[in-house]
Amino acid sequence: MSKFLPFVSYQEQKNYSLLPFKFERLDDKEVILTNMVGQYALISRDKLENLVSHNLDQSDTDYITLRSKHFIAEENDKNSYELLSLKVRTKYSNLRNFTNLHMFVVTLRCDHSCQYCQVSRQSENKAAFDMTVETANKSLDLVFQSPNPSIKIEFQGGEPLLNFDLIKHIVQSAELRNVIEKRNLQFVITTTLTLLTDEILQFCKDHQIYLSSSLDGPEDLHNKNRPRPDKNSHQLFVKGLSKARDVLGIDGVSALMTTSPLSLNRVKDIIDEYVKLGFNGIFLRHLSPYGFALKTKSYQAYGVNRWLDFYKEGLEYIIELNKNGIYFTEFFSAILLSKILTSEDSGFVDLMNPAGIGIAAITFNYDGDVYASDESRMLKEMGDTSFKLGNVHSSSYSEIFTSDALLNALEDSFTLSAPMCCDCAFEQYCGADPVFHHATFGDYLGKKPESEFCNRMMGSIKHLITLMEKDSETKAIFMRWVNKC
Amino acid sequence: MLLELDHKAYCLEAVQKASYRLINKLTVQISTNEKSISCDIQMNDGSKIDDNLINAFKRELLDQQLRVQIKKETEDQRNLILAFAFSKTGLQE
Chain A
0 MSKFLPFVSY QEQKNYSLLP FKFERLDDKE VILTNMVGQY ALISRDKLEN
50 LVSHNLDQSD TDYITLRSKH FIAEENDKNS YELLSLKVRT KYSNLRNFTN
100 LHMFVVTLRC DHSCQYCQVS RQSENKAAFD MTVETANKSL DLVFQSPNPS
150 IKIEFQGGEP LLNFDLIKHI VQSAELRNVI EKRNLQFVIT TTLTLLTDEI
200 LQFCKDHQIY LSSSLDGPED LHNKNRPRPD KNSHQLFVKG LSKARDVLGI
250 DGVSALMTTS PLSLNRVKDI IDEYVKLGFN GIFLRHLSPY GFALKTKSYQ
300 AYGVNRWLDF YKEGLEYIIE LNKNGIYFTE FFSAILLSKI LTSEDSGFVD
350 LMNPAGIGIA AITFNYDGDV YASDESRMLK EMGDTSFKLG NVHSSSYSEI
400 FTSDALLNAL EDSFTLSAPM CCDCAFEQYC GADPVFHHAT FGDYLGKKPE
450 SEFCNRMMGS IKHLITLMEK DSETKAIFMR WVNKC
Chain B
0 MLLELDHKAY CLEAVQKASY RLINKLTVQI STNEKSISCD IQMNDGSKID
50 DNLINAFKRE LLDQQLRVQI KKETEDQRNL ILAFAFSKTG LQE
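In order, the protein sequences belong to chains A and B. In terms of numbering that gives the first Met the number 0, the first sequence opens at residue 0 and continues consecutively. In terms of numbering that gives the first Met the number 0, the second sequence opens at residue 0 and continues consecutively.
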C-alpha cells in the first residue's frame with residue numbers, strides 16, 4: 000500500500016463543458032476529433048461516449064490534451080473561449096483580402112498534344128485563340144480593383160510562350176500601374192519549357208517571373224503522356240530546365256506531374272526522376288474530369304481508390320527518402336498537413352470553404368470572358384458555361400463579383416451547411432469545389448458519399464493522420480514540410 | 000428489410016443523416032409514428048440485403064445521434080466564440 004494518496008486525490012474535481020467539435024471514425028476502435036479550427040485529437044470510441052456524457056475523469060490521460068486543444072472547458076475557464084475565438088479569427092483572416100490569383104489565358108494554342116489535356120488546346124496556328132492587347136488591358140483594369148495587397152498574375156495556355164509578346168505587354172503594364180498601386184506583385188508562366196529562348200529568360204529574370212512546368216516522370220513515360228511531333232518532349236524539358244535554372248536560379252522553376260493511367264505502376268520511377276533532376280518535392284496530382292481527359296477517357300481509366308493506392312505508395316517512398324537524409328516534400332500532403340498541424344492555409348483554391356472560385360482566384364480567358372477559376376474555363380470548352388461571370392469588355396468589377404453565377408455557387412456549395420460536410424471532422428481540412436461537383440454531378444454540391452472528391456480527401460487525410468500517429472519520425476518529417484524556415 | 004427504431008433512442012435528424020451517409024449503397028425510406036421511426040432499407044442495386052451494410056448503418060446511427068447531442072449542447076458556445084472572434088472586424092450587423 001502506498002504511504003501517500005495519489006496526486007489526483009488533492010485535485011479539485013471540476014465540471015467541464017463541451018466546446019464545439021466533430022468526429023469521424025478512424026477505424027473500429029478509434030475516432031478523430033477536430034475542433035472549430037482544425038486541431039485534432041485521437042481517442043477511443045468508448046472514451047468519446049464518456050466525454051460526451053461528462054464522465055471523463057480529470058485523471059484520464061486524454062483529459063489535459065482535450066482541454067489544451069479546446070475540446071472541453073472547465074467551469075469559469077474564460078481563457079479557452081478567448082483563445083479559441085482568436086484562432087477562429089486568425090483562420091478566417093485571409094478571407095478579407097479577397098482575390099489574389101489572376102490567371103490570364105494568353106492563348107489556347109499549344110505545341111503538345113497530350114491525351115489527358117484538361118484545357119482542350121488548339122493547334123499552334125490558330126491565332127483566333129490568342130488574347131488581344133485590348134482584352135489584356137481590360138483584364139488588368141479588373142485585376143487592380145482587387146483589394147488584396149498581394150497580386151499574383153499567372154499566364155496560362157495552351158502554351159503561353161506562343162504569345163510571349165502579349166506576356167511582355169501585360170508584365171510591363173502591370174508594373175507601370177504598380178508604381179502607384181504598390182502591391183506585392185508576382186508573375187508566373189505555366190510552360191512546358193520547350194520554347195524557351197535566351198531573350199525570354201532574360202525578360203523573366205529582369206521581371207522576377209517564375210516558371211511553372213510539367214514533368215510526368217522518366218523519359219519514356221513523359222514522352223508517352225506528352226506527345227510532340229518529334230517525340231522529344233522530355234529531352235526539351237531537361238534542356239529548358241537547365242537553361243532556365245542557369246538564369247533564374249534553382250528555385251525559379253517548379254514542376255507539376257499529372258497521374259495518367261500509365262503512371263499508376265511507376266510512382267517510384269516518377270519520384271526518382273524528380274530527385275535526379277534536383278527538385279525538392281513533387282505534387283502527386285490526380286487527373287480532373289475536364290477537357291481531353293474526359294474525351295480520351297483518361298479520366299475514367301482509374302478511380303479514386305486506385306489513385307489513393309498510387310499516392311500512398313509514393314508517400315511511403317518519399318518518407319523513406321527523408322529518413323535517409325534526402326529532403327523531399329510531397330506537396331499535396333503538405334497542403335493538407337499545414338491545415339492539420341498549423342493555423343496556416345496555403346490558399347489552394349480547390350481546398351477552401353467558402354470555395355476559392357472568384358474570391359481567391361479568377362481567370363481571364365483569351366476571348367475576354369471571365370471565369371471563376373482555371374477549371375471553370377476548362378468546363379466552358381466542354382460546353383458548360385455555368386461559371387462564366389462576365390466579359391472584360393462589357394462587365395464591371397461589381398457585376399462580375401456579384402453575379403449570380405458566382406454567388407449561387409459559393410452559397411450552394413458552402414460546406415458548413417452542406418449535407419454530410421457540416422458534420423464531417425475533416426471539413427476544416429477540405430473544401431467545397433463546386434466546379435468539380437458541377438462537372439461530375441451537374442450541381443454545385445453533388446452527393447458526397449458518391450463524390451470522388453470526398454472519397455479522395457477522406458482517404459488522404461485519414462492516411463496522413465494514421466502515419467503521424469504510428470511513427471514519431473514521420474510526424475517530425477511532416478512538421479518540417481509545413482514549418483519551413 | 001424493415002428496421003424499427005425507438006424514437007427515445009434516436010431522433011429523426013440522426014436517422015436522416017445516417018441514411019444520407021450510406022446513400023451510395025443503400026436506399027432508406029423513413030417513416031415515423033408516435034413510438035418509433037421505421038427504416039425500409041433496400042440495396043441500391045436491388046440485390047439481397049448485405050448484413051455488413053446493415054451493421055454499418057447501425058453504427059452510423061450511433062455516431063449521428065452522438066453528433067446531434069454534441070451539436071445541441073455546444074450551440075451556445077459556438078455562437079459565443081464566433082461572435083467574439085468577429086467582434087472587432089466590423090463584419091457583423
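In short, the hints are calculated from the structure, not lab data. Even glycine gets a Cβ: it sits at the ideal position worked out from N, Cα and C. Hints are supplied without guarantee of correctness; some may be wrong.
Claimed, not checked - With the C-beta cut set under 10 Å, the calculated list includes, among others, these residues of chain A facing chain B: (1) LYS322; (2) ILE325; (3) TYR326.
As the list claims (entries may be wrong) - Residues from chain A that keep clear of chain B, each with C-beta distances beyond 10 Å, as calculated: (4) GLU11; (5) PRO19; (6) GLN114; (7) ASN147; (8) LEU293; (9) PRO418.
Legend entry - Unmet hints by their number, sorted upward, for this structure: 1, 2, 3, 5, 9
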